[in-house]
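There are 2 protein chains.
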Amino acid sequence: MSKYPPLSPIVAALPATVPFVGPEAQERDRGGPFRARLGANESSFGPSPRVVERMQAIAGDMWMYCDPDNHDLRLAVAAHLGISADNVVVGEGIDGLLGLLARMYVGPNDPVVTSLGAYPTFNFHVAGTGGRLVTVPYENDRESLDGLLAAVKRENAPLVYLSNPDNPMGSWWEADEINRFVESLPETTMLVLDEAYGELGPASALPAIDVARPNLIRMRTFSKAYGLAGIRLGYAFGEKQVISDFEKIRNHYGVSRMAQEAGVVALSDQPWLQEVVSKVEAGRQRIAAIAHDNGLIPLPSATNFVTVDCRRDGTFAGKILQSLLSRDVFIRKPMAAGLDRCIRISVGLDHELDILAEELPGAIAAAKGN
Amino acid sequence: MSKYPPLSPIVAALPATVPFVGPEAQERDRGGPFRARLGANESSFGPSPRVVERMQAIAGDMWMYCDPDNHDLRLAVAAHLGISADNVVVGEGIDGLLGLLARMYVGPNDPVVTSLGAYPTFNFHVAGTGGRLVTVPYENDRESLDGLLAAVKRENAPLVYLSNPDNPMGSWWEADEINRFVESLPETTMLVLDEAYGELGPASALPAIDVARPNLIRMRTFSKAYGLAGIRLGYAFGEKQVISDFEKIRNHYGVSRMAQEAGVVALSDQPWLQEVVSKVEAGRQRIAAIAHDNGLIPLPSATNFVTVDCRRDGTFAGKILQSLLSRDVFIRKPMAAGLDRCIRISVGLDHELDILAEELPGAIAAAKGN
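Taken in sequence, the protein lines are chains A and B. To convert, count from 1 in the first sequence and add 199; that's the numbering used here. To convert, count from 1 in the second sequence and add 199; that's the numbering used here.
Since the hints were made in silico from the structure, they are not lab data. The structure displayed is predicted, hence computed values, not measured ones. Fair warning: there could be bad hints in the mix.
To be verified - Only pairs whose alpha carbons sit at most 25 Å apart, straight line, appear in this in silico BS3-like list of lysine-lysine:
| no. | chain 1 | residue 1 | chain 2 | residue 2 |
| --- | --- | --- | --- | --- |
| 1 | B | Lys567 | B | Lys518 |
| 2 | A | Lys439 | B | Lys202 |
| 3 | A | Lys518 | A | Lys567 |
| 4 | B | Lys439 | A | Lys202 |
| 5 | A | Lys352 | B | Lys202 |
| 6 | B | Lys352 | A | Lys202 |
Can you make the complete structure from the sequences, with help from the hints?
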């Protein structure tokens with residue numbers, strides 16, 4: 200037998216891409232570990248010690264299936280936000296929820312609007328539906344609300360993506376600007392507002408919670424400020440009917456029992472969260488100072504990373520990145536035109552930022568030299 | 200605003216069903232816990248103590264993202280099966296992989312063949328693609344290989360599902376029968392062979408590993424014999440090109456770091472697996488004896504549950520089930536015509552089977568009485 204069963208047309212047309220190469224893959228390729236892990240916007244400060252204790256205590260319970268309703272966690276999220284559990288759906292990180300949302304609102308050839316250089320995994324999941332991406336350039340290193348709105352109207356798009364605070368630039372809009380954008384959208388367009396970094400920026404950037412609007416869904420994660428990237432846990436909240444539509448296609452047993460319990464405890468330890476937020480703020484200042492010391496320009500950040508303008512073109516910034524990698528410092532960089540002059544450095548532990556401070560001058564010199 | 204953004208036609212046509220109501224939801228409805236958890240085919244014997252230790256040791260590492268390549272686990276699975284890591288894809292349980300497989304091979308209105316009363320979550324994921332289910336009745340409490348083959352050929356189906364050993368009946372085919380079935384399939388039809396219970400039945404039921412065939416994908420799980428249902432971890436193996444096609448749509452960061460590490464250690468502790476297999480065998484005999492003692496007929500089982508013929512119709516078996524639930528004994532039952540005369544009892548701990556033995560006579564009497 201030599202023939203393959205035919206793939207469905209949508210899948211047959213797709214490349215076998217991986218949205219992000221992980222640091223572990225890079226370490227395998229390099230043949231050794233990084234000394235500073237500053238590239239994946241993780242929280243080096245870890246999860247709350249109470250979360251760790253809980254995970255250790257329940258490890259032996261993992262023979263039991265997870266609760267497919269995510270009941271306790273949805274209740275905890277709802278209490279945290281002051282909404283009903285019916286307004287909350289839980290998934291395997293925001294990534295998993297974005298994949299479902301794309302399938303819910305996008306069919307073959309439907310236009311989907313996002314910013315050029317914004318979250319690649321959203322684009323990946325749109326491609327998986329056969330949808331057609333329409334990208335809008337950033338303006339002054341922010342996602343362009345006017346540009347996104349114009350594209351949505353021109354294309355009659357069923358779905359538009361906006362992250363606030365933004366990745367990879369670390370920029371943000373204040374809540375009143377976001378609200379104006381939301382209110383200007385056609386009612387036939389669903390907005391996914393990705394607030395993965397929501398806990399790490401100014402509170403003024405987060406619109407008041409309103410779960411009455413049928414064309415807005417907001418997503419948050421335990422991967423960033425809560426320090427649980429490895430457990431795969433995120434949630435979305437919005438209008439009840441919209442939330443219940445996830446039931447039609449989600450993997451009901453997708454979120455592990457470990458993740459569900461970890462999430463409940465993580466939400467209950469807000470003092471830990473505030474401690475992390477303070478440490479992240481201090482780390483951003485340290486990275487900014489290191490950038491300044493090296494003649495680079497740190498951009499303002501509402502996230503757990505600082506995007507640094509290297510003041511030349513993308514090739515130059517790419518050389519700095521490569522040189523840092525070769526010096527065992529894992530960072531990433533924006534790739535889209537206009538943004539690619541930058542490198543992106545996650546807040547890490549003090550000793551990791553010491554290594555950054557030691558290695559950055561040499562990396563810049565090497566980038567200038569070849 | 201009152202309008203909803205329109206759902207994609209496929210999703211709009213779906214009901215918001217949950218394939219399985221979990222025992223936790225039943226406990227919330229009842230207002231109290233079950234005394235015996237014998238309904239979800241979990242492994243009450245738990246995971247290997249070495250797995251538990253490992254999970255406890257790495258709980259604090261969960262701030263790091265998981266490896267999107269699942270590199271170490273795929274290598275471990277490959278070594279376990281004697282194949283290449285390129286022949287292995289990992290997912291959030293078999294459920295997650297079935298969802299991807301349906302999207303890979305099924306488009307709107309495409310016919311998909313399965314057995315009437317077989318795994319509902321497969322059906323759920325097929326519905327999510329807009330595919331059309333074609334069901335074949337069981338024959339003598341086994342999935343009908345001849346019937347499935349005839350339906351595949353009649354419908355020119357791109358995808359057919361077969362579980363071996365089977366759920367919910369516990370029955371199985373020997374490997375040579377499975378091989379004959381595989382070889383008879385049109386090369387345009389993909390067979391998904393669900394071997395979730397593969398470690399628990401006779402070795403003679405598992406075909407030799409052959410990853411050269413482009414129209415066969417086999418799936419296994421850590422949820423059953425390995426005792427890790429709550430961690431969400433399964434894998435599929437098959438021909439390299441077929442496996443790489445999963446890359447096009449899978450949630451690359453879907454399987455947690457905890458699950459990946461647990462899986463590696465679980466595979467390394469085969470003595471624990473053999474101990475569990477022995478305990479399951481003893482538990483099956485105990486359940487069979489309890490059934491006999493009560494005038495019911497236990498069916499032969501190659502799984503970690505025993506399906507018990509209650510010797511009347513589905514209504515009667517349903518009453519026994521309800522009565523057991525009211526006596527704090529969680530079990531489930533097949534629902535399809537012809538199979539619904541049965542109840543399905545998972546192997547549990549000795550004290551849970553004691554409770555079953557105590558409560559079953561009363562449950563049968565109650566079912567007869569009303």
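Hints violated by the structure (listed by number, smallest first): Violated: none.
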